[in-house]
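A.B. asks: Now for the letters of each chain:
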Amino acid sequence: MNDVLVATVVHDLKNALASLTSSTGDIAERAIGSGLESDTGRLHAATVALSQRLVAFLTLYRAGKLGLSAQLRDHAPDEFLRELAEGLLFPSEAVVVKIADCENCAPFWFFDDYLARLALEAAVHNARRFARSEIVLGCVVCNGFLVFSVADDGPGLNADAERSTGLGTALCRAIAQAHTNGARAGKLVLQNRREGGALFELWLP
Amino acid sequence: MATIQNSRVSRLKALLIDDMSEMRSNLRAQLQQLGIRDVNQAASAKEALKAIAERASGRPLDLVLCDYNLGKDTNGQQLLEHVRSKKLLPPATIWFMVSAESSYDYVATVSDCAPDQYLIKPFTAANLESRLMRHFEKQDAFEPALKRMAEGDLEGAVTELGKIPGKASRFTMDALRLKARCLTELNRHHDAKAVFAQALTIRQGVPWAELGFAKALHKAGELDKAHAAAVALAAANPKLVGAYEILAEIHDARGQEPEALEALRKAESIVPSARRARALGAMAVRIGNMEVATSAYTKVVEATRRSLTRSPYDNAALAQIYLDTGDPAKALETLKPAQQEFSGETGFQAIAAAVQARAHQETGDAEAASAALDRALQFAKHADPAATLAVSKACFALGNAAEGERIVTDAVRANHEDEQLLAAARKVLKDAGREEVIGRLVDAQVQEMLGLTERALALAKKAQLAEAQDIIAEAVAGLPNNVGVLVAAAQINLLFLSQKGLDLEVATRVRGYLATLDTLAHGTERVVKMLAFFNELVRKGSAGAAA
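First to last, the protein sequences are chains A and B. Residues 710 to 914 (the working numbering) are what the first sequence spells out, left to right. Residues 481 to 1027 (the working numbering) are what the second sequence spells out, left to right.
This is chain A alone, in the form it adopts within the complex (with noise of 0.2 Å):
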C-alpha cells in the first residue's frame, strides 16, 4: 500500500472519529438526568481516548519521519491546565481528575500548548488505567524548567510497564525533547510516588 493511500485513511479515520466524539459528547450531555449518564459517559470517555490515542500515534509516526518541532508561545501553565483537565472530565466517572495547588507557578512560559497537550492527555490516559481514585495535575517551575505533573494513586509504575504498547512514553519523550532553550531540552520523568502510584514529569526548560 503505497504512502498517500495511507495517509488519506488515516486522516479519513481521524476526521470520522472526531465527528463521532463531538456526537458522543452530545448525546453525554443531553443524557445527564436521563439515568443513562453513566453509560453515556463511557462511552464518550473512550471515543475521546480513542481519539486522542490516533492523533498520539499520527504525530509520533510523523516525528519519525519528520521531525518534531516545537511551537514555542507563551501560555499562562496554570489556564493550559484548567483548559486540559476540562477536557478530560466526565461526569460519573469513579476516577476523579484533580488540579494541584499552581499558586506559585511562573505567570507565563514558553511552550508549544498543542504538543504540550498532547503528551498531558496521553499521560491522563495511562494514569486512568491505573488510578483507584484520583489523577493531579500540576505545574511547578524547577531549576529552570516547567514541570508538569500527573500523578495517579495507582499500583506504580511496574505494573504500567507490562500492560502499556509504549505509544504514550514513546510520544512524552518526543514532545519533551523538541522543546528546547539555548542548550537545554526538555526531558521526561517517570518514578514511583512515595506514597504510591506513580508520577510523570513532563520537563520543559
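Just so you know, these hints were derived from the structure itself, not from any lab. Honestly, I wouldn't trust all of these hints.
As the list claims (entries may be wrong) - Capping the alpha-carbon separation at 30 Å, the derived lysine-lysine pairs in DSBU-like fashion look like this:
(1) B:Lys601 / A:Lys723
(2) B:Lys746 / B:Lys699
(3) B:Lys530 / B:Lys601
(4) A:Lys774 / B:Lys601
(5) A:Lys774 / B:Lys719
From a predicted model like this one, the values you see are computed outputs, not experimental measurements.
With chain A's structure known, arrange chain B on it following the hints.
C.D. replies: Relative to chain A, chain B alone:
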C-alpha cells in the same frame, strides 16, 4: 462540554469557512453548544468574502472560524492576509485559524500576519470556549490601548501600554509585542528595538521578537547588525519565512541585489505564495535575471488565475518580460485574458496598450503599433505614474522621444519622493539609450519640486502665510498625489491654524490633505505627528469656542 452558556460568547456573530460540508456541520454544532446561533457559512474564500461584504452594512462579524485548507486556489492564511490588508473586517473581529495537526507546523510558521488563535483539529466546544474566554481576557487587559489604536492614536496607545505594571503577569509578552507594534508603525525604530530587546531578555530566541529586532535594526539604519541578526535568525529557524524576507530587504538596502534575490528565492521555496513569487519576480526584473523573472511571474499568473489575489499587473509584468526577451507573440497572449477581465483598470490598460505597441513594432506591423501607442497615451492620462513609464518606454521604441521624455518628466514630478519610481524612470531612459537626459528629466525635476516646497515653507516661516498657502495650493491642484507636496501643504496650513486659530475652511482643507496622506504614506512618522497635532488643534479650538 459546555453546560453553562456564557452570554459574552453566545452573543457572537460568527462565520464558518471550510470547504468540507461535514466539518462545517461539526463546527456549527459546536458553536450551537456554546449558544452561538447567528452563524453564516462559506465553503470557499469567494463565498467568505461575499458573506463578509453582506455583513458590512449591519453589525460586523465578531468571530471567524476559518480552516487553513480551503481547496486548491486559496488557503486560510491568504484569505486572512487579504481581509486584513483590505480592512474588510474591523480589527476587533476575532480570527481563529483551524488546521489539521499534520499541517500545524507549516501553518504556524507562516504567521507574519497571524490569526488571533490557532485551533488544531479535533477540538471540542469547550476548547473553543476557553480560547474565546482567553481572548476576551486579553482584550479586557489591553482595552484602553486597543481603543487608542482603533482611533489611530498610536502615541496614546504606547502611553497606555506604559501604564501596565512592570511586574511579570500573564500578559507581559503580549504587552511588549503590542507596544513594539505601535512603535514600529510610528517609525520609532530605536524605541521599538529596545522593546524587542526587552522581550528577548525574558526569553531568548522568541521568533517574533528576534524578527522584530532585526527589522528594527534595519529601519534604524544599523544594516550590519540587522544583517547579522537576520542571518542568525534564519540559521536558528530554517523554516521561518519572515527571516529570509527581512534578509532580502537588508541585502537590497546594502546594494547586494543578487543576495537579495537568493533570499527571496529561499522564502518563496519555503512557503510558496503569489505575494512571495511576485517579490521574487520584481527583484529578478530589476537585476536583469530574466530566467528567474519569467519563472516567478509565470507561477504568480498560474497560481492566482482563479484566486482573490489575482492582479492584471502580473500579466503586464510577465508580458513585458516576454517582450524584453524577444518573444512578442507570447507577450500578447499573456495580456489577452486580463485585458478582457480588467477593462476598467486604467493603469493596466495603459501598460497593456504600450506592450502591444512594442510587440507590433517588433513584428513589423507599424500601423497596429501606432494605433496601440495612441491608445496607451490616452490611458496614460489617467494612470498611476509608475504605469505611465511603460508607455514612455513604448514611445521611445516607436521613435516618439519627445512624448517619452514628457511622460518621464510628469511621472517624476507626480511623486518626486518615491525612490522606486525614480529608479524605474532612470532605467527607462537608460534602456532607451538616453542616459544623457537623466540629469535633466529626473534629478533636475526632483530638485525643482524640492525647491518649490522649500520656498513655500520658508515663506510660511517668515509669516507670509497667505502667499505660502497660494503657492502650495496651486502645487497640490496640479499634483494631487505627490506626498512631498501634500506634506508641505499640510504643514503650512497647520501653521496657519496654530497661529490664527481654528478656521473651518482651512481645517477642512488640512483634513483633506491628511486623509490623502494617510492613504499614500500611512503610518509614517511625519503623517502620524501631523494627524496628532491637527486633532489637538481641533480639540483646543472646539473647547475655546465652547467656552
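A.B. asks: All hints are to be evaluated individually against the structure, with a verdict given for each.
C.D. replies: Each hint, compared with the structure:
1. B:Lys601 / A:Lys723: 9 Å, holds
2. B:Lys746 / B:Lys699: Roughly 22 Å separates the two Cα atoms, so the pair holds.
3. B:Lys530 / B:Lys601: 26 Å, holds
4. A:Lys774 / B:Lys601: 21 Å, holds
5. A:Lys774 / B:Lys719: It holds: about 17 Å lies between the C-alpha atoms, which stays within 30 Å.
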